[in-house]
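Given the coordinates of chain A, assemble chains B and C with the ligands onto it according to the supplied hints.
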Amino acid sequence: DEMRLFAKEMVEREVERHAADGLGIVDYALWSGGARVVKHSEPFTAGGKAGFFGTKGRGSVHSNAQKVLEPSFGEPGQCFALQGSSGFVEIKLRSGIVVQAVTLEHVAKSVAYDRSSAPKDCQVIGWYDGPDDDASMRAQRIMHLVDFTYDLDKPNAQTFTVDTSNTDQQLVNMVRLSCSSNHGSSTLTCLYRFRVHGFEPGSPSAITLQT
Amino acid sequence: DEMRLFAKEMVEREVERHAADGLGIVDYALWSGGARVVKHSEPFTAGGKAGFFGTKGRGSVHSNAQKVLEPSFGEPGQCFALQGSSGFVEIKLRSGIVVQAVTLEHVAKSVAYDRSSAPKDCQVIGWYDGPDDDASMRAQRIMHLVDFTYDLDKPNAQTFTVDTSNTDQQLVNMVRLSCSSNHGSSTLTCLYRFRVHGFEPGSPSAITLQT
Amino acid sequence: DEMRLFAKEMVEREVERHAADGLGIVDYALWSGGARVVKHSEPFTAGGKAGFFGTKGRGSVHSNAQKVLEPSFGEPGQCFALQGSSGFVEIKLRSGIVVQAVTLEHVAKSVAYDRSSAPKDCQVIGWYDGPDDDASMRAQRIMHLVDFTYDLDKPNAQTFTVDTSNTDQQLVNMVRLSCSSNHGSSTLTCLYRFRVHGFEPGSPSAITLQT
Ligand SMILES: [K+]
Ligand SMILES: [K+]
Ligand SMILES: [K+]
Numbered sequence: 001d002e003m004r005l006f007a008k009e010m011v012e013r014e015v016e017r018h019a020a021d022g023l024g025i026v027d028y029a030l031w032s033g034g035a036r037v038v039k040h041s042e043p044f045t046a047g048g049k050a051g052f053f054g055t056k057g058r059g060s061v062h063s064n065a066q067k068v069l070e071p072s073f074g075e076p077g078q079c080f081a082l083q084g085s086s087g088f089v090e091i092k093l094r095s096g097i098v099v100q101a102v103t104l105e106h107v108a109k110s111v112a113y114d115r116s117s118a119p120k121d122c123q124v125i126g127w128y129d130g131p132d133d134d135a136s137m138r139a140q141r142i143m144h145l146v147d148f149t150y151d152l153d154k155p156n157a158q159t160f161t162v163d164t165s166n167t168d169q170q171l172v173n174m175v176r177l178s179c180s181s182n183h184g185s186s187t188l189t190c191l192y193r194f195r196v197h198g199f200e201p202g203s204p205s206a207i208t209l210q211t
Numbered sequence: 001d002e003m004r005l006f007a008k009e010m011v012e013r014e015v016e017r018h019a020a021d022g023l024g025i026v027d028y029a030l031w032s033g034g035a036r037v038v039k040h041s042e043p044f045t046a047g048g049k050a051g052f053f054g055t056k057g058r059g060s061v062h063s064n065a066q067k068v069l070e071p072s073f074g075e076p077g078q079c080f081a082l083q084g085s086s087g088f089v090e091i092k093l094r095s096g097i098v099v100q101a102v103t104l105e106h107v108a109k110s111v112a113y114d115r116s117s118a119p120k121d122c123q124v125i126g127w128y129d130g131p132d133d134d135a136s137m138r139a140q141r142i143m144h145l146v147d148f149t150y151d152l153d154k155p156n157a158q159t160f161t162v163d164t165s166n167t168d169q170q171l172v173n174m175v176r177l178s179c180s181s182n183h184g185s186s187t188l189t190c191l192y193r194f195r196v197h198g199f200e201p202g203s204p205s206a207i208t209l210q211t
Numbered sequence: 001d002e003m004r005l006f007a008k009e010m011v012e013r014e015v016e017r018h019a020a021d022g023l024g025i026v027d028y029a030l031w032s033g034g035a036r037v038v039k040h041s042e043p044f045t046a047g048g049k050a051g052f053f054g055t056k057g058r059g060s061v062h063s064n065a066q067k068v069l070e071p072s073f074g075e076p077g078q079c080f081a082l083q084g085s086s087g088f089v090e091i092k093l094r095s096g097i098v099v100q101a102v103t104l105e106h107v108a109k110s111v112a113y114d115r116s117s118a119p120k121d122c123q124v125i126g127w128y129d130g131p132d133d134d135a136s137m138r139a140q141r142i143m144h145l146v147d148f149t150y151d152l153d154k155p156n157a158q159t160f161t162v163d164t165s166n167t168d169q170q171l172v173n174m175v176r177l178s179c180s181s182n183h184g185s186s187t188l189t190c191l192y193r194f195r196v197h198g199f200e201p202g203s204p205s206a207i208t209l210q211t
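Residue numbers (the numbering used here), protein chains in the order written: chain A, 1 to 211; chain B, 1 to 211; chain C, 1 to 211.
Watch out, some of these pointers could steer you wrong.
[To be verified] Lysine to any residue pairs mimicking SDA-like chemistry, simulated, CA-CA at most 20 Å apart:
hint, chain 1, residue 1, chain 2, residue 2
1, B, Lys-109, A, Lys-120
2, A, Lys-120, A, Asp-151
3, A, Lys-109, C, Ser-95
4, B, Lys-154, A, Glu-12
5, B, Lys-8, C, Ser-181
6, C, Lys-154, C, Arg-115
7, B, Lys-8, A, Met-10
8, C, Lys-92, C, Gln-169
9, B, Lys-92, B, Phe-199
10, B, Lys-8, C, Ala-157
11, A, Lys-8, B, Met-10
12, C, Lys-8, A, Lys-120
13, C, Lys-154, B, Leu-5
14, A, Lys-8, B, Lys-8
15, A, Lys-109, C, Trp-31
16, B, Lys-154, B, Lys-8
17, B, Lys-109, B, Gln-169
18, A, Lys-109, A, Lys-120
19, B, Lys-8, A, Arg-4
20, A, Lys-8, C, Met-3
21, B, Lys-109, A, Met-10
22, A, Lys-120, A, Lys-154
23, A, Lys-8, B, Leu-5
24, C, Lys-154, B, Arg-17
25, C, Lys-109, B, Ser-95
26, B, Lys-109, A, Ile-25
27, A, Lys-8, C, Asp-1
28, A, Lys-8, C, Glu-16
29, C, Lys-120, C, Ser-181
30, B, Lys-92, B, Gln-169
31, A, Lys-8, C, Glu-9
32, C, Lys-8, A, Arg-4
33, C, Lys-8, B, Glu-9
34, C, Lys-109, B, Glu-12
35, B, Lys-39, B, Ser-85
36, A, Lys-8, B, Lys-154
37, B, Lys-8, C, Glu-12
[Said to hold, decoys possible] Pulled a few chain C residues facing chain B out of the computed Cβ check, cut under 10 Å:
hint, residue
38, Arg-13
39, Glu-14
40, Phe-73
Quick caveat, the hints were computed from the structure, so don't treat them as lab data.
The structure displayed is predicted, hence computed values, not measured ones.
Glycine included, each C-beta is placed from N, C-alpha and C at the ideal position.
Excised from the complex, chain A in its bound form:
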């Protein structure tokens, strides 16, 4: 009977966690929470349209970019494809937070057509972007958050902890995920989902924005 109770509680807990956006951890990079991709490296465009984005400025964000900030049913194709074996996305978080961890998720092995486009060696940096900041102010504030390697042999959602003693508990409302290599494709690197975890110091504005 004790065993049955243990099994029942574990099943309910795991299903509940899955039902809560997959992981059951607050994500400040979530599109429906107000986060946005504001910049990225050149997107992969099948059919000869590569380079289409090269002539556009900072405002040109590909329509697929928001897939990086959205949940899916775990099926292949629900990703943002960047050209070549490396690339980056810059994300404006829903609010300023102290970053404690990030999660990178690729399509699961069981349903993937090919996983050579999965990111491998990545770095995450962050900073606080104020309304009146110029470029030199931004540069001063950039913090290194975490380096990680995405491992194809582990579960497909992989969480990496930030050493918060280094970041000195500083607020960040912008993060940049840069991947310098992938798992073999020379053509494209696919980003399925990137999440940013942490906490926001209580503030009236944070409460006003919540939905």
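Just chains B and C with the ligands now, kept in the frame of chain A:
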């Protein structure tokens, strides 16, 4: 071995229930089943657009209103936000039914930024709206279905049973969910998902409409 | 302790399988993977619009047709409804594969309004469509893949194995699902999800297309 069989069957049952629109209970207020929000209190609109809907008549339904009738991945933001600490939605069900229960679902605690916008004290009324009915006929038919309090300490989908001895098994094709309070926000009240459960007496028209 | 470990691993495996597009099996008929419905029998259109598609040629594919190739939350209505008690869809797969199995999924019993529109006796054929093929070349290459009966008493996603000794390991990039009967509705037959499983012989083009 008996224990393994028990565990296996329980897991499969729970995952199957989750895969069936989360609860595994028929929902007559489901958007993809044909139900629609037809009226609601003033929506919350960030950025100074509050009041935008005030000048419009019955036909003006906010584009976010259908989120109340749709499933999601459990992430924050997949809701319809009403202005202030109270509000209502009126829903035309997919067909006339005898209402046996309703379910109100808010975002799960584990992924929420803030839950002060969750509804608290709510009431559900229902009536049957015929094609040629005028206002006085409608008023006569209004039935009180259930009063409930949404509890932040319980699982996020909470089902409340209608005392069907009171409603005398009458058919209803319209319901109104009114929440007179929320869990603390003075700014907005968020409705994530509302479901209406019951049964439809067998009829040729019900069968024709099914998909 | 051994029992706890067994239970824990089983739960994690089942939730992971569910999170991987429901089944955890590669699907070459997936819309987000590049597959498309290219042809179908007359769609069911409520409200007197039946026949709307009758006058259009091969290029006229109903906007709901892609639902057959997409996952959902398991709620009713996320289907493509065909007129009458029989019907077909033709699907261009994301790439040429050797077909090993197919899966037909209807809405789960627990949340369905009515299941008389579920397909019953079905047949799947396949062929390879080259860019310069004419009709007679296509006809020569048509392979019978599998006959099956969808059973309302079994779990709602039902997988049927192809006898690959018959198909001689031939490549297929087109499949046609034809259902000659349903479970009782004379009005409509609903297709919720159809998947095609198999393997693609390694090729540079297959790798180029992957996302
Ligand atoms: K995604
Ligand atoms: K919702
Ligand atoms: K579907």
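Hint consistency between Lys-8/A and Lys-8/B [alpha-carbon to alpha-carbon, up to 20 Å]: 11 Å, holds
Is the straight-line distance between the alpha-carbon of Lys-109/C and that of Glu-12/B 20 Å or less? 15 Å, holds
Straight-line Cα separation of Lys-8/B and Arg-4/A no greater than 20 Å? At roughly 11 Å apart (the allowed maximum being 20 Å), Arg-4/A and Lys-8/B satisfy the hint.
Would the pair Lys-8/B and Ser-181/C pass a check requiring their Cα atoms to be no farther apart than 20 Å? The hint is violated at about 34 Å.
CA of Lys-8/A to CA of Leu-5/B, is that 20 Å or under? 13 Å, holds
Can we keep the Phe-73/C interface hint, with Cβ of chain B closer than 10 Å? At 4 Å from the nearest chain B Cβ, Phe-73/C passes the 10 Å test, so the hint holds.
Given hint Ser-95/B paired with Lys-109/C - CA-CA distance at most 20 Å: Measuring from Cα to Cα gives roughly 19 Å; hence the hint holds.
Is it true that the CA of Lys-154/B sits at most 20 Å from the CA of Lys-8/B? 26 Å, violated
Are Lys-154/B and Glu-12/A close enough, with their CA atoms no more than 20 Å apart? Since the Cα atoms of Lys-154/B and Glu-12/A sit roughly 13 Å apart, the hinted pair holds (cutoff 20 Å).
Is the hinted pair Lys-8/A and Met-3/C satisfied, with a Cα-Cα distance of at most 20 Å? 13 Å, holds
CA of Lys-109/A to CA of Trp-31/C, is that 20 Å or under? 18 Å, holds
Lys-8/C and Glu-9/B: Cα distance at most 20 Å? Judged against 20 Å, a Cα distance of about 14 Å means the pair holds.
Checked against the numbered hints listed earlier, the structure breaks hints 1, 5, 12, 16 and 17; every other hint is satisfied.
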